[in-house]
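Number of protein chains: 2
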Amino acid sequence: MRTVRTVAEVRELVRAERAAGRSIGLVPTMGALHDGHLSLLRQAGAACDVVVMSLFVNPTQFNEGADLDAYPRDEAADAQAARSAGCAILFAPDVKEVYPDGFCTTVEVAGPLTSTLEGAHRGPSHFHGVTTVVTKLLNMVQPDVAFFGQKDAQQALVIRRLVRDLDMPVRIVVGDTVREPDGLARSSRNVRLSGEDRARATGLSRALRAAEQAVVAGERDADAVAAAARATLTDFAVDPEYLAVVDPETLAPRTEIDGDVLVAVAARVGAVRLIDNVLITTTPNGRG
Amino acid sequence: MRTVRTVAEVRELVRAERAAGRSIGLVPTMGALHDGHLSLLRQAGAACDVVVMSLFVNPTQFNEGADLDAYPRDEAADAQAARSAGCAILFAPDVKEVYPDGFCTTVEVAGPLTSTLEGAHRGPSHFHGVTTVVTKLLNMVQPDVAFFGQKDAQQALVIRRLVRDLDMPVRIVVGDTVREPDGLARSSRNVRLSGEDRARATGLSRALRAAEQAVVAGERDADAVAAAARATLTDFAVDPEYLAVVDPETLAPRTEIDGDVLVAVAARVGAVRLIDNVLITTTPNGRG
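Those sequence lines, one after another, are chains A and B. So the first sequence is residues 6 to 293, counted in this note's numbering. So the second sequence is residues 6 to 293, counted in this note's numbering.
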């Protein structure tokens, strides 16, 4: 595995691979790799000839300086994990390489995709930071395919919209959420959960399972499905920032469970903000 | 020359050319071709193996509906002119192909580059419209080089910044302003100038020449240089929206003529809004 820190270097490596007829997969990360990232790297390796992983803790998408400061960083461990999962090129630029002096351009996806759920709670600048840096990373590396995780379901929708709206020549693949044995969605922030909070954190995935079970049992009223999830959160002493039953493409609120719905939750557990979601599929206008 | 109307078609043609080892030049236009465009097409043909011209009257960069409605359109004449100037692929998408339902992404360059001069007088949405459509056109066609005209000096600076900030893999070339024999900068809007206004319109280029002559004669005070230009505008009964002596890279106002300066002017002549500019070069800290 080669580690490079400049746009010029990563482009030169990618150009050589492409000239040799090889396809390029990009897995953008902020480091602190967990099994979710490694799953994406393996998926990229199965779909593409060469896997590039970017490692860049993007300051512009953090709405709280404390969250940015607390974000775990261990490049040596990340490099070792990435290599073991099949990464061939590790692109780890510093902040000045990504945002040189005079930088003043922003890419914004407007509307419900960025103003609801995470956008409402973290502020609109969060997704502007994401879409700007993703546009840059895609232009820097120019992959054939880029891989994102379903744990950040809203982010994945925003990026699909971004790529479609700006006609970016790349295919977006969204990999399944990877979970701990007890159901907690893998996240770089999980390492900051202390003993008791770690147990409470399982409340999010349990709540989503409760919602799913309500639908499987025949419930079609979105409020009732949400209430089942909220009851579970209460059992775990977790007070959600939001728990929403929404359309999985537009994020518009749904009142009835008919066809696919996305149930998304965000909550602070101790000092750590966690998110999770589940896509629930039913037969449209029929029995689930 | 092939004429295509969809992103899929232009990409297929470009892919085939590139696979054959040929370089691609893009000249983005809004049609109504004049000698300035033809000069860019010839410049593209000299620098690249295959010249693509886009023809799209972008509604999002017009701040006045009347200006958009009055914008001259004659695709048959444009196609003939483009072909004669060496264009191989004419990409003429309709509005729905560029902005399909659900489109909601904007690319914005912030700061003085977009807030001063044209940005101050046409409103910030003008340049947001330009940067968004240029990002899309560059992604649609994926040229090696894209060509813009120096007549729109501020637009060229904004696009250079856009491409640098978003790490777009394209080289930007800015072609010299082409003028009528009497000095009027070629513009698609010139055809809307009536007899008397056509004569008054030469005041803009004459004023810029007066500014240049003042500098050549030794004037180093920017206000005095601007005053010389304004006096000429008055002679032609032209009241400028702005006449500015600015840094040619940052567009910051200059008080002293030292090194290169850009003198830019905008004015309504009858019903037509015209712009023009001149880059004046002096020896820094010495005699011009």
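None of these hints come from the bench; they were simulated from the model. From a predicted model like this one, the values you see are computed outputs, not experimental measurements. Some hints here could point you the wrong way.
Put simply, identical chains are the same to the list, so a pair is met inside one copy or across any two.
Calculated lysine to aspartate or glutamate pairs in the DMTMM-like style (CA-CA distance at most 25 Å, straight line) [as the list claims (entries may be wrong)]:
#, residue 1, residue 2
1, 101, 228
2, 101, 74
3, 101, 261
4, 101, 40
5, 101, 263
6, 101, 14
Each hint, compared with the structure:
With identical chains, the CA atoms of residue 101 and residue 228 are never at most 25 Å apart, being 47 Å at best within one copy and 38 Å at best between copies. Only within a single protomer do residue 101 and residue 74 lie at most 25 Å apart by alpha-carbon distance; the minimum there is 17 Å, versus 44 Å between protomers. For the homomeric pair residue 101 and residue 261, neither the shortest alpha-carbon distance inside one copy (48 Å) nor that between copies (32 Å) is at most 25 Å. In this assembly of identical chains, the alpha carbons of residue 101 and residue 40 never lie at most 25 Å apart, being 29 Å within a copy and 42 Å across copies at closest.
For the identical chains of this complex, residue 101 and residue 263 are neighbours neither inside a copy (48 Å) nor across copies (31 Å), given an alpha-carbon limit of 25 Å. In the homo-oligomer, the alpha carbons of residue 101 and residue 14 lie at most 25 Å apart inside one protomer (15 Å), although the nearest pairing across protomers, at 38 Å, exceeds that limit.
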